[in-house]
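With the sequences and hints as input, model every part of the structure.
So the protein sequences, as listed, match chains D and U.
Just so you know, the working numbering puts 11 at position 11 of the first sequence, and the rest follows in order with no gaps.
Numbering-wise, the working numbering comes out as the position in the second sequence, counting from 1, plus 1000.
Derived from the structure by calculation, the hints contain no laboratory data.
Treat the hints with care, as some may be off.
What the hints assert, rightly or not - Calculated lysine to any residue pairs in the SDA-like style (CA-CA distance at most 20 Å, straight line):
(1) D:Lys143 - U:Ile1184
(2) D:Lys55 - U:Ile1184
(3) D:Lys60 - U:Asp1035
(4) D:Lys55 - U:Lys1174
(5) D:Lys55 - U:Pro1181
(6) D:Lys143 - U:Ala1039
(7) U:Lys1170 - U:Leu1148
(8) U:Lys1104 - U:Pro1054
(9) D:Lys143 - D:Ile114
(10) D:Lys119 - D:Asn86
(11) U:Lys1088 - U:Met1078
(12) U:Lys1170 - U:Phe1110
(13) D:Lys56 - U:Leu1042
(14) D:Lys55 - U:Lys1118
(15) D:Lys119 - U:Lys1106
(16) D:Lys60 - U:Lys1174
(17) D:Lys55 - U:Ala1095
(18) D:Lys119 - D:Glu81
(19) D:Lys56 - U:Ala1095
(20) D:Lys106 - D:Leu62
(21) D:Lys143 - D:Tyr65
(22) D:Lys55 - U:Val1165
(23) D:Lys56 - U:Asn1068
(24) U:Lys1118 - U:Asn1099
(25) D:Lys143 - U:Leu1041
(26) D:Lys60 - D:Ile114
(27) U:Lys1113 - U:Arg1177
(28) U:Lys1106 - U:Val1116
(29) U:Lys1103 - U:Val1116
(30) D:Lys55 - U:Asp1132
(31) D:Lys119 - U:Arg1040
(32) U:Lys1118 - U:Ala1095
(33) D:Lys60 - U:Leu1041
(34) D:Lys80 - U:Asp1132
(35) D:Lys55 - U:Arg1183
(36) D:Lys143 - U:Lys1174
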Amino acid sequence: MSKFKKKDDKGGPGISTASLPDIVFMLLFFFMVTTVMREVDLKVQISQPEATEVKKLENKALVCYIYIGEPVESNKYGTKERIQLNDAFATPEDIGSYVEEFRASKDEAEVPLITTSLKVDSETEMGIVTEVKQELRMVYALKINYSTRERLDR
Amino acid sequence: MPKRGAPPEINAGSMADIAFLLLVFFLVTTTMDTDLGLARLLPPPILEDVETPPIKERNVFVVLVNANDQLLVEGDLMEIDELREAAKEFIANPANEENLPEKKEKDVPFFGKMMVSKQVISLQNDNGTSYDMYIQVQNELAAAYNELRNEIAMDQFGVSYDALVEAGDKAKVKAVREVYPQRISEAEPKDVGKK
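Written out as structure tokens, the structure is:
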């Protein structure tokens, strides 16, 4: 006499999980293809302003980013707005060479299509932004895009 | 000699686990956000002192923003909500008023002879203006143009301007732009670039 009676298998046959890897792989490839790795570590805080008349930024390979905002490590770098190019803080004078460097890395035929995306914190004062714009004009990087979030109301 | 049977089956049960692991990694690192923003074209730099051609005062819509984020439009204080309507009225000048911009007859494809106004919007901001306010002003001005373009595209083609742009109908888009050319001029900053 056994205390534990063997349960008789009454449930139907188990669902085959053999196709589970296939499904997971399908999802995996989808995310692998769509994923875009963040190209830089943000050292400045940016909360973008909102706007309604936004356009999509096309051809991300031809976009040159400039970040402006308060440093994240404000105890180390203070609270004054700073410009970030690539992975380092910069001054407005560095923008010219930064844009030239970006152009040099691209094909010559694509250079006129390069857009400069300004990712600026909404609390920033216009003084620094104007300085950056003046520098961009000097190197004829005239196509710019003020990065904003989309506001859906109104 | 040992007899060779069928090779032992490799257990593929953990394959799902590995795939899940990778899947989770890509799920976490992926950023689906598309970059959105207001596209603008900066004017080329002024190399030497070129005399700017005189523009009649009635053709210029002056928008000033001060360091306290207050708007002064054509000499009057204004709230940001009113800017769009004021700009639309200025750009279109429906009643052909004396103090609003002049119009000139122009041949535009699809539309035939149109009265195109010689409007220019001049935007000047202070160094202390917040970026948020600046974007709001730019946005309202762009919205004014877009609304007018939508209206005229609706009348002429039965579809909005946005739909034309999305459909990539370049000839029609160009025609609409010719009727309402977007002219937002930013004043040369005065105390910037001092060395």
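Holds or violated: lysine 1113 of chain U to arginine 1177 of chain U, with C-alpha atoms at most 20 Å apart | 14 Å, holds
Holds or violated: are the alpha carbons of lysine 1106 of chain U and valine 1116 of chain U at most 20 Å from each other?
-> 6 Å, holds
When you check the alpha-carbon spacing of lysine 119 of chain D and asparagine 86 of chain D, does it fall within 20 Å?
-> 13 Å, holds
Assess, step by step, whether the Cα of lysine 143 of chain D is no farther than 20 Å from the Cα of isoleucine 1184 of chain U, and give holds or violated.
-> Holds, at roughly 14 Å.
Would the pair lysine 119 of chain D and glutamate 81 of chain D pass a check requiring their Cα atoms to be no farther apart than 20 Å?
-> Measuring from Cα to Cα gives roughly 12 Å; hence the hint holds.
Does the structure keep lysine 56 of chain D and leucine 1042 of chain U at a Cα separation of 20 Å or less?
-> 18 Å, holds
Do the alpha carbons of lysine 143 of chain D and tyrosine 65 of chain D lie within 20 Å of each other, as the hint requires?
-> Holds, because 12 Å separates the two Cα atoms, which is no more than 20 Å.
Restraint check for lysine 1118 of chain U with alanine 1095 of chain U, where alpha carbons must lie at most 20 Å apart | 15 Å, holds
If you draw a straight line from the CA of lysine 106 of chain D to the CA of leucine 62 of chain D, is it 20 Å or shorter?
-> 8 Å, holds
For the pair supplied as a hint, lysine 1170 of chain U and phenylalanine 1110 of chain U, confirm whether the alpha-carbon distance does not exceed 20 Å.
-> 12 Å, holds
With a cut-off of 20 Å on the C-alpha distance, tell me whether lysine 55 of chain D and valine 1165 of chain U pass.
-> 11 Å, holds
Is lysine 60 of chain D close enough to aspartate 1035 of chain U, meaning Cα to Cα at most 20 Å?
-> 9 Å, holds
Hint check: violations occur at hints 14, 15, 16, 17, 19, 23; the rest are consistent with the structure.
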